[in-house]
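Got chain A sorted already, so can you dock chain R onto it with the hints?
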Amino acid sequence: MSVIVFVEHDGGIIKKKNFEAVQYAAVIAQKTGATVTAVILGNIADAEIEKLGEYGAQKVLHVEDKRLDELHPRAYTSAILTAIEKENAKIIVALNDINGRAVAPRIAIKLKAGLLAGALTYPDLDKGFVIKKAVYAGKAFAYVNITSDAKVIMLMPNTFPLVKSEGKATIEKLAVNFGAKDFGIKVKEVSKVTGEVSLSDAALVVSGGRGMKGPENWYLIEDLAMELGAATACSRPVSDADWRPHHEHVGQTGGTIRPDLYIAVGISGAIQHLAGVNGSKTIVVINRDPEAPFFKAANYGVVGDAMEVLPRLTEAVKKFKLHK
Amino acid sequence: MKILVCISQVPDTSTKVVLKDNNTAIESNGVTYIINPYDEWYGLIRAIELKETGVASQIDLVTVGKANTEPVIRKALALGGDKAIRIDVESNDPYLTAVYIADYAKSENYDLILCGKESIDYNNGTVGSMLAELLDMDYIGFATGIQIEGTNAIVNREVEGGEETDTCNFPLVISCQKGVAEARIPNMRGIMAARTRPLNVVTPSAVEPVTSILSYELPPAKAGVKLVDPADMDQLVKLLHSEAKVI
Chain A
-8 MSVIVFVEHD GGIIKKKNFE AVQYAAVIAQ KTGATVTAVI LGNIADAEIE KLGEYGAQKV
52 LHVEDKRLDE LHPRAYTSAI LTAIEKENAK IIVALNDING RAVAPRIAIK LKAGLLAGAL
112 TYPDLDKGFV IKKAVYAGKA FAYVNITSDA KVIMLMPNTF PLVKSEGKAT IEKLAVNFGA
172 KDFGIKVKEV SKVTGEVSLS DAALVVSGGR GMKGPENWYL IEDLAMELGA ATACSRPVSD
232 ADWRPHHEHV GQTGGTIRPD LYIAVGISGA IQHLAGVNGS KTIVVINRDP EAPFFKAANY
292 GVVGDAMEVL PRLTEAVKKF KLHK
Chain R
1009 MKILVCISQV PDTSTKVVLK DNNTAIESNG VTYIINPYDE WYGLIRAIEL KETGVASQID
1069 LVTVGKANTE PVIRKALALG GDKAIRIDVE SNDPYLTAVY IADYAKSENY DLILCGKESI
1129 DYNNGTVGSM LAELLDMDYI GFATGIQIEG TNAIVNREVE GGEETDTCNF PLVISCQKGV
1189 AEARIPNMRG IMAARTRPLN VVTPSAVEPV TSILSYELPP AKAGVKLVDP ADMDQLVKLL
1249 HSEAKVI
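Respectively, the protein sequence lines represent chains A and R.
Every letter in the first sequence is one number past the one before it in this note's numbering, and letter 171, counting from 1, is 162.
Numbers given in this note's numbering equal positions in the second sequence, counted from 1, plus 1008.
Chain A with its partners taken away, still in its complex shape (with noise of 0.2 Å):
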């Protein structure tokens, strides 16, 4: 028996997420005495694939077809599928990110799955398949019990470092029948912005608020972000008023995030805020009022305005880097 961890790569590059996930898996495999298969797909060079191994992963089945190099939720269905049935697996993991979510839910639903979307936990097999989620945006977490035969695990990114083996993994190519509906969804167009760190993986965010005062200061922001090597984020107001992108909103309505740092810079701290950031390890406030509700949330806070604050933080940091 095996557990199946679906990977993910961009363009041939597998992010440390998807490690995780891997390294996750090969833990439950442990834990219930089964051996972990990986499953990749699309255009990606074995020598990217093999580091597969150095986290658990046993046995990569790659299916290499270029039309997988796009997301087609039905064809990455149908192929994880075919990997599901060849190594008769009743534990599945993927990631809780988006195409996670376009995927998973589908195999779920085919395997008459159980399905715990953003695991925190390893499950514990002593109450029967209990893992750790977060709800209301992490203003609580529940316990959930995976009841039926077949199981699908999301892992929210970033909840597990990683700790790396001299493992080796086979790897072998693994052919599918897609169906005839399984490529329906055209792509007509991408844009990517490059070089910018990714949000939902990040592990140092900064991000912030009104106390901005205007989109002209964000620069104060991006310069600190680039010297940490971290994602920008902003509130809910910041995003209404079109300051920023909207895929940088973060908080209850907008997205989760769990980096090790995050850094809020005129940000209030509102509960709907907080819900989408409390899951940080460390959080850091600067805010000219001291009495903003953010600061009981953080672990380190600076009360200051952030125009004179954040370019002394960002030469402090170019000054750490210079001398460590």
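Please note that a few of the clues may not be correct.
Think about it this way: if two alpha-carbon atoms lie no more than 27 Å apart in a straight line, the pair counts; the simulated BS3-like pairs of lysine-lysine are [stated by the list, open to error]:
hint, chain 1, residue 1, chain 2, residue 2
1, R, K1024, A, K272
2, R, K1114, A, K123
3, A, K123, R, K1091
4, A, K172, R, K1114
5, A, K272, R, K1246
6, A, K315, R, K1234
7, R, K1253, A, K310
8, R, K1246, A, K287
9, R, K1253, A, K272
10, R, K1114, A, K177
11, R, K1246, A, K312
12, A, K287, R, K1028
13, R, K1253, A, K315
14, R, K1114, A, K272
15, A, K310, R, K1246
16, A, K42, A, K6
17, R, K1010, A, K179
Worth flagging that the hints you see were computed from the coordinates, not collected in a lab.
Frame of chain A; chain R shown alone:
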């Protein structure tokens, strides 16, 4: 074109979560319920716009919930929609929710099913994709724009680090987020009209549960903020490096 909009009742975003019954349930007393913002602001409003411009001929709204969800579905009808369907069962499992809706929808031949990108209570974001599988439809998630040309949908959607434009024939399920439409407020005429629009109560199909929630937990309280002198950012960097160990 016939559209189905999925509507979920959720606690207002300002709700503070209180646990009860030995942490096995979330207190609902004193909680104000609203239409899930992603369902309302984006899915429902876009459907209404498509009807106003003559593209859609019929909009149905569906919700899964007991009688206590009726005020919220009436509020959705006040914004727009020809009729509402309430599937009379409580569900906090996306699999069951999707099966209930699909069992109702399969004989209705919807061209387009719109839902929010996720509900703000259980944050699964998986019902749309499950519906697509159950109804043998295509699915496009995280949409930021929807245009219709004939039997073809042109959908902008979020991808990691950017955006993509897809086209797809009906039938299709789309999960919606910001950008798809602009929020509206129901007017008096809509509120009056909503009273006379049909709200059909449907008995749920029989499905075996696949998950159960054993208990809930609140996040641990933060230990308290450590204030750093705004003139000394070297100190903050030092703390982030040697104490928090995040840089």
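Violations among the numbered hints, reported as their numbers in ascending order: 2, 3, 14
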